[in-house]
Amino acid sequence: AMPTTAGTGTEATKNAVISCYDPPFKKSIRDERIVPCIALIDPELTVSVPATVTAASGMDAITQLLESYLSRKAQPIPQALALQGLSIAVPAIAEAVRNPESREAREAMAHAALLSGMALANSGLGMAHGVAAALGVHARVPHGAACALMLPAALRVNREVRQAELVRLSHMLFGKGPSGAPEEAVDVLIGEIDSLCEQVGVPRRLSDVGVSREQIPAIVESSRGSSMSGNPRELSDGELTRILEDLL
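Here the sequence shown is numbered in our numbering, starting from 1 and rising by one per residue.
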C-alpha cells in the first residue's frame with residue numbers, strides 16, 4: 001500500500017469502507033486479509049494534494065489520534081503512538097496547508113497519519129467519527145471535514161470523564177498544565193484545537209456544509225456505528241441531538 005494522502009492511516013489497518021447515498025449507508029468491513037503486506041510511506045506523493053484535501057485529511061489524522069487516545073478501549077501502547085503522532089501533526093498541519101511544497105511538513109503529516117491508523121486499529125475512535133460517518137452519507141460532507149467539524153464538540157462532551165488525559169495533552173501540545181487548574185488546561189486545549197481548525201480552513205458549522213435541522217434525527221440514528229462505541233461517554237439520542245443543533 002502506498003497512500004497518496006496523509007489522513008486515514010488505512011495502510012496500517014484491516015478496515016475498508018462501503019458507502020452509498022441512496023439509501024444512506026456507510027459501513028466498515030474488517031478482515032486480516034485487508035492488511036497490506038507492505039506499507040510504503042512516501043511524503044513526496046502528497047505534495048500535489050490540494051490545500052482543502054490536505055486540511056481535511058490532516059484533521060482526520062489528528063481526530064483519529066485524539067479519539068484513540070481518549071477512547072474507552074484505549075491501551076497503553078496505542079496511546080503512546082497517539083501521543084507521538086499528535087506531537088508531530090499539530091505543529092505541522094497548518095504549514096502543510098500553507099506551504100504544500102514543505103517536505104518537512106509533508107513528512108510529519110504522513111508519519112502522523114500512519115501512527116493514527118495504528119492507534120485506531122487497536123483502540124477504536126469516538127463521537128466525532130461516529131457522527132462523521134452519518135454526515136458523509138446524509139449530507140455528503142467529506143470525511144475529514146466532518147471529523148474536524150465535530151472534534152471540538154467531542155472534546156467538550158468528554159472532558160469530565162477524560163480530564164486527566166486532556167490535561168496531559170494540553171501540557172504536551174500547548175504548554176498548559178499540570179501546575180494550573182485542570183479546567184483551565186482543558187479549556188486551552190479545546191480552544192487551540194478549535195483555532196487550528198480555523199487556521200486550516202475546515203468548516204466550523206453544520207450549516208456551512210448544508211446540514212439542515214430537519215436532517216438531524218436521521219444523522220443521530222445513523223451515528224450509532226462501531227466508532228461511537230469507543231466514545232468515553234455514552235450519549236443518549238437527546239444529548240446527541242442537542243450537540244448537533246448547537247453546531248448548526
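Don't read these hints as lab results, they were simulated from the structure.
Everything numeric in this text was worked out from a predicted model, so none of it was measured.
Treat each hint with caution, since some may be false.
[Claimed, not checked] In silico DSS-like cross-links for lysine-lysine, where the CA-CA straight-line distance does not exceed 25 Å:
| # | residue 1 | residue 2 |
| --- | --- | --- |
| 1 | 14 | 73 |
| 2 | 14 | 26 |
| 3 | 73 | 27 |
| 4 | 26 | 73 |
| 5 | 27 | 14 |
Hints, one by one, checked against the model:
1. 14 - 73: With Cα atoms ~17 Å apart, residue 14 and residue 73 stay inside 25 Å; holds.
2. 14 - 26: The given pair, whose Cα atoms are some 16 Å apart, holds under the 25 Å limit.
3. 73 - 27: Distance of about 20 Å is within 25 Å: holds.
4. 26 - 73: holds, 22 Å
5. 27 - 14: holds, 13 Å
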